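Following the hints, position chain B against chain A.
Chain by chain, the residues:
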Amino acid sequence: MRVAVIGAGVIGLSTALCIHEQYHSLVPSLEVEVYADRYTPHTTSDGAAGLWQPYGSDHSNLQETLWNKETFDHLLGHLGSPAAKEMGLFLISGYNLFTQPVPDPSWKNIVLGFRNLTPKELELFPGYSYGWFNTALVLECRSYLPWLSNRLTQRGVKFFHKKVESFQEVFAQGVDVVINCTGLRARELQPDPELQPGRGQIIKVLAPWVKHFVITHTTDSETYNSPYIIPGSEFTVLGGINQRGNWNEETSAQDHKTIWENCCRLLPTLQKAKIVEEWSGLRPMRPRVRLERETVQHGHCQAEVIHNYGHGGFGITIHWGCAMAAARLLGTILQEKKVASPPQPRL
Amino acid sequence: MAAPKVAVIGAGVIGLSTALCIVETCPSCSLTVLSDQFSPNTTSDIAAGILIPHTYPGTPIHVQKQWFKETFTDLFAISNSAEASEAGVHLISGWQVFKNTPKEELPFWSDVVLGFRLMSEAELQKFPQHRFGQAFTTLKCDCPPYLLWLEKRLKAAGVQMHTRKVADLWELQSEYNIVVNCTGIGAHQLVGDEKLFPVRGQVLKVHAPWVKNFIRDGDGSTYIYPGIHRVTLGGTREMENWSLSPDPGTTKDIFDRCCSLEPSLQVAQDITVKVGLRPSRQCVRVQREVLSQGGVKLLVVHNYGHGAGGFSMHRGTAKEAARLVRDCIAALQASSSRAKL
Chain A
1 MRVAVIGAGV IGLSTALCIH EQYHSLVPSL EVEVYADRYT PHTTSDGAAG
51 LWQPYGSDHS NLQETLWNKE TFDHLLGHLG SPAAKEMGLF LISGYNLFTQ
101 PVPDPSWKNI VLGFRNLTPK ELELFPGYSY GWFNTALVLE CRSYLPWLSN
151 RLTQRGVKFF HKKVESFQEV FAQGVDVVIN CTGLRARELQ PDPELQPGRG
201 QIIKVLAPWV KHFVITHTTD SETYNSPYII PGSEFTVLGG INQRGNWNEE
251 TSAQDHKTIW ENCCRLLPTL QKAKIVEEWS GLRPMRPRVR LERETVQHGH
301 CQAEVIHNYG HGGFGITIHW GCAMAAARLL GTILQEKKVA SPPQPRL
Chain B
1 MAAPKVAVIG AGVIGLSTAL CIVETCPSCS LTVLSDQFSP NTTSDIAAGI
51 LIPHTYPGTP IHVQKQWFKE TFTDLFAISN SAEASEAGVH LISGWQVFKN
101 TPKEELPFWS DVVLGFRLMS EAELQKFPQH RFGQAFTTLK CDCPPYLLWL
151 EKRLKAAGVQ MHTRKVADLW ELQSEYNIVV NCTGIGAHQL VGDEKLFPVR
201 GQVLKVHAPW VKNFIRDGDG STYIYPGIHR VTLGGTREME NWSLSPDPGT
251 TKDIFDRCCS LEPSLQVAQD ITVKVGLRPS RQCVRVQREV LSQGGVKLLV
301 VHNYGHGAGG FSMHRGTAKE AARLVRDCIA ALQASSSRAK L
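Just so you know, the sequences run in chain order A and B. For the record, in the first sequence the residue sitting at position 292 is 292 according to the UniProt record's numbering, with numbers rising by one throughout. For the record, in the second sequence the residue sitting at position 174 is 174 according to the UniProt record's numbering, with numbers rising by one throughout.
For the record, the hints were derived by calculation from the structure and aren't laboratory data. Every value quoted in this text rests on a predicted model; they were computed, and no experiment measured them. Beta carbons are placed, not taken as given, at the ideal position from N, Cα and C, and that holds for glycine. It cannot be assumed that every hint is accurate.
Interface residues of chain A toward chain B, partial, derived using beta-carbon atoms under 7 angstroms [as the list claims (entries may be wrong)]:
#	residue
1	Ile-92
2	Thr-118
3	Phe-133
Think about it this way: if two alpha-carbon atoms lie no more than 27 angstroms apart in a straight line, the pair counts; the simulated BS3-like pairs of lysine-lysine are [unchecked claim]:
#	chain 1	residue 1	chain 2	residue 2
4	A	Lys-120	B	Lys-65
5	A	Lys-274	B	Lys-205
6	B	Lys-65	B	Lys-5
7	B	Lys-165	A	Lys-120
8	A	Lys-272	B	Lys-65
9	B	Lys-152	A	Lys-274
10	B	Lys-274	B	Lys-165
11	B	Lys-195	B	Lys-99
12	A	Lys-69	A	Lys-108
Cβ-to-Cβ under 10 angstroms is the rule here; a few derived chain A residues that face chain B [as the list claims (entries may be wrong)]:
#	residue
13	Leu-79
14	Ser-81
15	Lys-85
16	Glu-86
17	Leu-89
18	Asn-109
19	Val-138
20	Pro-146
21	Ala-207
22	Lys-211
23	Leu-267
So here's chain B without its partners, still in its complex pose:
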């Protein structure tokens, strides 16, 4: 058969990294990325891009650990190369502090990040409202740079990228053999996934270049993530809230909470406010599906529902989705051979 034609829908971190893995795993196929939004207008662009996993209740822990480890390893190599600044990938150290000692003192990812240890009494003195903490070094993918770098690598590999809003997967059946659904929150409408829900996050991006360490409250609601040029201050976790408009009261609340963790932020400049909808789900959907309609089949690979953990898991899930695409290609080739007999 002719080179399989694969379409990846979505150009956030999941779509672009999945496309790149498909290029690496299935060099014979012709690949196109379709999305109604590209960087800097994706959900990924709003996120800080820090590698601190979110735990999915519905995915086995060993799988999450594997995904995180693959992501960390790949990005670690980039962070130490000459490409690091262009890719927007850099190491960052800091603290996760808790007002109350958590049930789990050692999260599943503690041996994947670097230098993980519990904070000393002296370190905790900097956070008078918190009595327990973890110190470690992890990685951060700054966006837009990281997404633009992925786009550049895709273009160099001959991958086409088109701005296009896909309203129905069947639209693509005549042009593509396999469709890879990396639409994030868009999957709610595109494939009618009721298990997918938005968790609204509002963040501030500020100019505070003297802040070199990250600080995160273990409750997940307040965090300070220094990027290359801006510091991301967060945040909110509003379930089932679809609003993309920044809320001024929330802005003040985020700023105050972050200043209480890091008082020097009081003099931060150039505050911009952003909102993103985390595409949340009990478990990440990385799955093959064969759609049928009037005797015609459409092979689909889903890779969405990463919620708050997109960056942390992206390489791991991209590799798994690429393997599923390879399986689809094998299935197509098998049925094509059978057809010839």
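Chain A extracted, bound-state conformation:
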């Protein structure tokens, strides 16, 4: 039973691991393979700051909220383990800022210590009159993806460095199930007009005295199109660009200026920060995550594709919940093909 995961960003690798963990002992013939043309540190996930935070109230959907919660709880459980640092995982507290009162977000009880900001705290951020404080997590993909890759390699999962041009190409090689974790370029494998780029740009600086994240929100703007500051384990990420429909992966001098000026206005201490790197990437935006099964014709047979893409700017936030959902879909397929024992209760 050959399962091929296409895509090696956070979605692809975590889905591969979840599947292998759940089924390798139940399905002796299971072989999991990963196909991708880009591996860490060249994936979209690698550019993300890695802060666990779903979009605000405008994007709540119960299914996705559950997947977000599953991801947070899963990561929280790993915090106390010796692997946490290797995974790039740590707790962080910080601020969400608004120019007017807003309803509490769907995730207020998922994070730790959620509360509104006090007037004295708001003095730190002129121009913002309302906000939240909470403790969340950062998961840095520059560490997490290599960690996932190591776990997969230890389990005997094979990696192939190639660009897959079609599902058919993979089925023709004898793969039974394809897991499509190709992010924005899922469009190249199958038309999907709902899938659009949300271009982002970031500046990485050295500012180790900044210990909190600061995310601003502008009422009539796209999420993440408003300045944000997210400390990492080594560098701090400055951002605030989310341009829908812009396919340009090159960094723009205008966007650099916007990010720098806005972030320095938000946190004057950043003026002394040394710039280390610039990066630009395309968020795979979609009204809903596409997480579903599709049966495709392959010659005389029916082949199975499980789609798991379209996670926008919240891929890290939602990844584990989606990986488990994709694994459940695979379980159903394995059942149908009579290769697996009856479904085990999920631990």
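Okay, now just chain B, sitting in the frame of chain A:
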């Protein structure tokens, strides 16, 4: 009379901040800082510099609150300015956790720090051995940066700084009109203060940049304070212990206690061990004194005995000491006028 000559003895956080307040309050005087040690070799350099007050049994609470509030307000302004990184001042959030619910759930400083509240059940799950906790945001002054920044401001204001061991206050009588005693634990010998005693603290400074929140056990013995480049792990509170040598058994004990609060510290790197003697006293001595010897007077202002609360109270006590210096100057000018009559 000519510009009063003031000497501040001590170049830790108390000496330097007091000198700066004197410059601001008494611009007419000529000020010199004398110390046998400067940063990075002061007691202040060992401390984490976190603003979490220590309660002095002998000082009225409203006074301690006033001192803390002044310190917090001044540093808050620096933390949000372009100077913050040079000054080493930054905001930090975290938790103070207790194995047993304390008698006082709301300490006197709870409305001075930011966002103070009790921890939720979910937050306490991270600390299985603790059943009560407080979450808040406070400030931290990293040393050496903070002390070096104070030194820079003093030099810019024309203050002289000399390395000199003062063995007796009277040594200074011929050169200075007023002596400000900010010698910390050194006051035990310098002025023979038997009420001043060391509380030995051993700490580890480690490289663990992924730790972004502070964690403190309410018993005061175990704490994790992330600084700009290093995390301070502590500690010990050994009363009347004068030893400045690190103890390896203690190092292991501190490390283990901190790892049980924050397991990821197991992989912390570059561990260095430091020891400091907290200059402890029932109450902080901020007081004027007129010493007399053979018809000669020496005006002294004391500002020492901050124990574990030096950073938390430093601006407040510095301002009070500066006011006392101003009173001394006024007294000198009055007696000088009388002498002229």
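message = Are any of the numbered hints broken by this structure? If so, which, sorted upward?
response = 6, 7, 8, 11 and 20
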